[in-house]
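Given the sequences, and given the hints that come with them, work out the whole structure.
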Amino acid sequence: MLPAIFLDTSYLLALVSSHDASHDRALEGARGLAASRRKSVTTEAVLFELCNGLSRKPWRQSAVDIVRALRTNADVVVVPNSSTLLTRSFELFANRLDKEWSLTDCLSFIVMQDQGLKQVLTTDHHFRQAGFEIVL
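Quick note on numbering: the sequence shown equals residues 1433 to 1568 in the working numbering.
Since the hints were derived computationally from the structure, they do not count as laboratory data. Using N, Cα and C, we set each Cβ at its ideal position, and we do this for glycine too. Among the hints, a few may not be true.
To be verified - Ranges of calculated distance between the beta carbons of each label pair, as one might list FRET restraints:
#	residue 1	residue 2	range
1	V1508	S1487	16 to 24 Å
2	V1496	S1534	33 to 41 Å
3	G1563	P1490	30 to 38 Å
4	P1490	S1514	19 to 27 Å
5	Q1493	G1548	31 to 39 Å
6	V1510	G1464	16 to 24 Å
7	G1563	T1519	30 to 38 Å
8	Q1547	A1501	20 to 28 Å
Okay, here's the thing in structure tokens:
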């Protein structure tokens, strides 16, 4: 069985929006993920970012649908936020002033390191900068 893969906001946004330049690749990634029954991991922070990005009326139902689907899928682990995780993420954010990594990116990197994840479905090059393999 393949190791788990991380689901980033940019992948989820591309999956939802047919106007996104990465939409077709995101659909292909989703089909491959479903066919393989590969476990995936994301975070509550990613879900916050996703809902923020899809908060306007035409997209709001899509946000509701995808978050509900992720939270009820037995093959998806949604890592909850915690004070400890936020503190560790902020320390990475504060210590890498040379990067343009968001706090959500830093939190994702910490979770990926903690869980031994190497691959991520994303279009965000910051994951490559942090040493992870982008699979999209």
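Quick rundown of the hints versus the structure:
1. Taking 16 to 24 Å as the suggested C-beta distance range, the pair V1508 and S1487 conforms, at roughly 22 Å.
2. A C-beta distance of roughly 23 Å is found between V1496 and S1534, which places it outside the suggested range of 33 to 41 Å.
3. A beta carbon spacing of about 37 Å between G1563 and P1490 agrees with the range 30 to 38 Å that was offered as a hint.
4. At about 33 Å, the CB distance of P1490 to S1514 disagrees with the hint of 19 to 27 Å.
5. Range check, Q1493 to G1548: Cβ separation about 35 Å, and the 31 to 39 Å hint holds.
6. A hinted range of 16 to 24 Å for the beta carbons of V1510 and G1464 is consistent with their spacing of about 20 Å.
7. Judged by the Cβ atoms, the range 30 to 38 Å given for G1563 and T1519 is violated: they are separated by roughly 22 Å.
8. Separation of Q1547 from A1501 is about 21 Å and conforms to the stated range, judged on CB atoms against 20 to 28 Å.
In summary, the structure is inconsistent with hints 2, 4, 7 from the numbered list given earlier, while agreeing with the others.
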